[in-house]
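Trainee: Top to bottom, those sequences are chains L and D.
Just so we're aligned: the first sequence equals residues 1 to 281 in my numbering.
Just so we're aligned: the second sequence equals residues 1001 to 1218 in my numbering.
One or more of the hints may lead you astray.
Restraint-style ranges between C-beta atoms, simulated for each label pair [unchecked claim]:
id: 1; chain 1: D; residue 1: C1100; chain 2: L; residue 2: G119; range: 31 to 37 Å
id: 2; chain 1: D; residue 1: V1090; chain 2: L; residue 2: L16; range: 47 to 53 Å
id: 3; chain 1: L; residue 1: G130; chain 2: D; residue 2: P1201; range: 19 to 25 Å
id: 4; chain 1: L; residue 1: K35; chain 2: D; residue 2: K1155; range: 38 to 44 Å
id: 5; chain 1: D; residue 1: W1088; chain 2: L; residue 2: I261; range: 54 to 60 Å
id: 6; chain 1: D; residue 1: S1214; chain 2: L; residue 2: I24; range: 25 to 31 Å
id: 7; chain 1: D; residue 1: L1089; chain 2: L; residue 2: G130; range: 19 to 25 Å
id: 8; chain 1: D; residue 1: T1115; chain 2: L; residue 2: I260; range: 35 to 41 Å
id: 9; chain 1: D; residue 1: P1201; chain 2: L; residue 2: S263; range: 44 to 50 Å
id: 10; chain 1: L; residue 1: A269; chain 2: D; residue 2: G1045; range: 31 to 37 Å
id: 11; chain 1: L; residue 1: S263; chain 2: D; residue 2: I1102; range: 42 to 48 Å
id: 12; chain 1: D; residue 1: L1089; chain 2: L; residue 2: D52; range: 49 to 55 Å
What the simulated footprint calls covered on chain D by chain L, stretch by stretch (three residues with Cβ under 8 Å from a Cβ of chain L suffice, anywhere in the stretch; the number is not a length) [what the hints assert, rightly or not]:
id: 13; stretch: 1168-1178
id: 14; stretch: 1187-1200
Straight-line distance between alpha carbons at most 20 Å, and here's what the computed EDC-like set of lysine to aspartate or glutamate pairs gives [stated by the list, open to error]:
id: 15; chain 1: L; residue 1: K197; chain 2: D; residue 2: E1111
id: 16; chain 1: L; residue 1: K107; chain 2: D; residue 2: D1190
id: 17; chain 1: L; residue 1: K197; chain 2: D; residue 2: D1120
id: 18; chain 1: L; residue 1: K107; chain 2: D; residue 2: E1005
id: 19; chain 1: L; residue 1: K84; chain 2: L; residue 2: E48
Since the hints were derived computationally from the structure, they do not count as laboratory data.
Even glycine gets a Cβ: it sits at the ideal position worked out from N, Cα and C.
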Amino acid sequence: MSLKSLEKLDPRWIFLAFLIAVSIPIIQPLGLPIKISDNTRRVYQAVEDVPDGGLVVLTPDFSYDNRGELLPMLETIFEHLLTKDVKVVSVGFYGAASPMLMEEAMKAIGLERYGKEYGVDFVNLGFIAGDEPAITSFGEDTQALVKVDYYGTPISQLSIMDSLNNAGDIDLEISLSAGMNYPELYLRQWQTTFGIKVTGGCVGLIYAPLLPYMESGQLEGYLPSLRGAAEYELVSNRPGAAIIGMDSQSLVHIVVIVAIIISNLSMLAGSKEKEAEEATI
Amino acid sequence: MNLSETLVLLIAGALVLMVLSFLYRQSRWFTFAEHVVVGGLAGQGTAIGLRNVYYQGIVPLTTGQWWYILAIIGGLLLFAKYARGQSWLVRLPTALLVGCGIGLNMRAGIETQITAQLIDTLRPLTSINNILIIIGVCSGMLYFFFSAEEKGAMKSIGKIGRYFLMVAFGSSFAYAVLGRTSLVISRVTDVLSYPTYYLVPIAIAIIIYDIYTSRKTT
């Protein structure tokens, strides 16, 4: 088989190689090392720095299509928050599924395991439509915007909401985002206006454009996709689904790199052959 | 794990396998799963939307906050584009939405996305990273400067800017691969977990049967 003939390779063989590379470590974990980056340490430190009795707003701005990337991150950060003496308010501005994903994380971890009580230490406010105007309203007058929580309980019956009147009461905003502009919305409407700290994580696709905000210190670090979740699990000493997935991630990246090299070599071989043919004519 | 949980996992696993069957080829299984997802999401979106209208529009109205009626009328006017002869009315709420959006964006957008970034770019040339950032920003911006002919120094600097942009795109692509792979890992982990792994041999058998029947037909 010549290199040129690889151009005609059925892409389904690559899918199969991809699937095998993903499956092997899930069946038999390899335990490949994971290095913790400075950005992950900054996110961890931002959570650690929330004072006792402080208020954290957790915004799972993603839907079920990004569950695989961001749910492990949501679970590990939420569990870290539950170990601390802080109040956690969850609200979603991106997709209607965010309260359900928060509920899934809450059930997986269990508030009672950490002696926390719903309505006192944690509340799920559900999804609020309206993007930037909704985020602005929430930051300026939370009590006027939010009437009930996700389960329809009036916020007057939830003692945790007594301490949240506007974004100035928030000690840390943790945004787990699948949409490019969401971290920017929190920076614009909450960080710049009220001076609160913003951190969190996002899907891999939007991570690179957010790097300038981390460099400038506007974002207190940010976690990229499953890799970020795995690092956070390591740094907070809570091994979970993300660490298991990283073995597959490494093998798949080898497959992708090999595929890129082979396809380029094949293309080069093809163009050289074409040049030789043209020279003969 | 009780029966209902097992059933939910099996249905979810079956749908994942139906979607993954697309990697082999388009099939009725994939089409079925696609329709289930689109229908389910449309239903969920409608339900959540109606819930929001009720709690954030109707409930305040019933408590005497009459001005919420203006928001509800504004929302209803968005449907005016379907009314023949009255479609111009849609411009009123659209203008309000666009105006509010731009106003809110401008309020802190300049400081957040321009001023703060500019200040951070003006760094002392004391490290390679800082030098690279300044060269990258200046040459990248010059690449998009169209008011002068691209020749001489302009061309060379623009070319450097293009290389910086290519590195940035490469980095974005690598993160995209990371993200997409994470999604596959999550799905495959679910499929290879109890009780969903019982469905894998069934899916393989269906694909083999499909290959056999399609070859027989051709």
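Trainee: Need the list of violated hint numbers for this structure, in ascending order.
Mentor: Violated hints: 3, 9, 10; rest satisfied.
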